[in-house]
Amino acid sequence: IAHRAGGKVTWLKSQWKLSAYPAHFCVEIYNAALQITPSPQFPHSSINRFGRHFANCIRRDRPRPNDKWHMDEVVITIRGKKHWLWRAIDANGDVLDILVQTRRNAKAAKRFLQRLVAQFDEPRVVITDKLRSYIKPIKTLAPDADHRAHKGLNNAIEVSHRPTRKREKMFGRFKSHRQAQRFLSAHDQNNLIFRPRRYQITATSYRHARNDAFSLWADYTAEMAA
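Numbering-wise, the sequence shown is residues 1 to 226 according to full-length UniProt numbering.
Derived by calculation from the structure, the hints in this document are not laboratory data.
Among the clues, some could well be false.
[Claimed, not checked] The calculated lysine-lysine pairs, modelled on DSS-like cross-linking and capped at a C-alpha distance of 30 Å, are:
no.	residue 1	residue 2
1	Lys-107	Lys-175
2	Lys-151	Lys-166
3	Lys-68	Lys-130
4	Lys-110	Lys-82
5	Lys-169	Lys-82
6	Lys-82	Lys-151
7	Lys-81	Lys-110
8	Lys-139	Lys-151
9	Lys-130	Lys-81
10	Lys-139	Lys-110
11	Lys-82	Lys-166
Source: prediction; values computed, not measured.
Given these sequences and hints, build the entire structure.
In structure tokens:
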């Protein structure tokens, strides 16, 4: 029972932290009900330990993404130094992957695109802003893709950057390159199942989607503990 209870606490703390909901009070009530007193470092250590596992499970089980991609990059500050967060989404708005890098040039664009193609094969369409650093990597790694460079076509991915800004405000700026990569990679995958686009579905469908997400999360926790 203690092992299973611990698994449930890990699941709750990881889920609430990754979703960035203000649910610490709910978690403390749950801990009290189980007569568990976790250390202050527990939420952070649980994310460091389990976040990658959950993200990998979601990537493994997600349906094949749309072959129309949007790619973009946004600046983030880590210890006073400018970094670039590269992000790609598909036509449905689902995040494919992210990569934190110190450069915004052709080499960085190629590195990110290589990562995407290795996971999802070549896209049919790639939409970017007018950054010329994308041109050569796309021609090299996705020669058959229709590359559309137009800022007005890329509004969808610019919207996808907003949760990152929100989390920066809630938790402060990232302390290291590694922390930013680890957190954002796990968080974006978590959002795929826990944050369905509410404006596209009914309230009932949204509740069903949330319940399905919690069931998946419980399965991933059990898989990790097995």
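Verification of the hints:
1. Lys-107 x Lys-175: Answer holds: Lys-107 to Lys-175 is near 25 Å, not above 30 Å.
2. Lys-151 x Lys-166: holds, 23 Å
3. Lys-68 x Lys-130: holds, 17 Å
4. Lys-110 x Lys-82: holds, 20 Å
5. Lys-169 x Lys-82: With Cα atoms ~17 Å apart, Lys-169 and Lys-82 stay inside 30 Å; holds.
6. Lys-82 x Lys-151: Satisfied, since the Cα-Cα distance of roughly 22 Å is no more than 30 Å.
7. Lys-81 x Lys-110: holds, 22 Å
8. Lys-139 x Lys-151: holds, 19 Å
9. Lys-130 x Lys-81: holds, 24 Å
10. Lys-139 x Lys-110: holds, 10 Å
11. Lys-82 x Lys-166: holds, 18 Å
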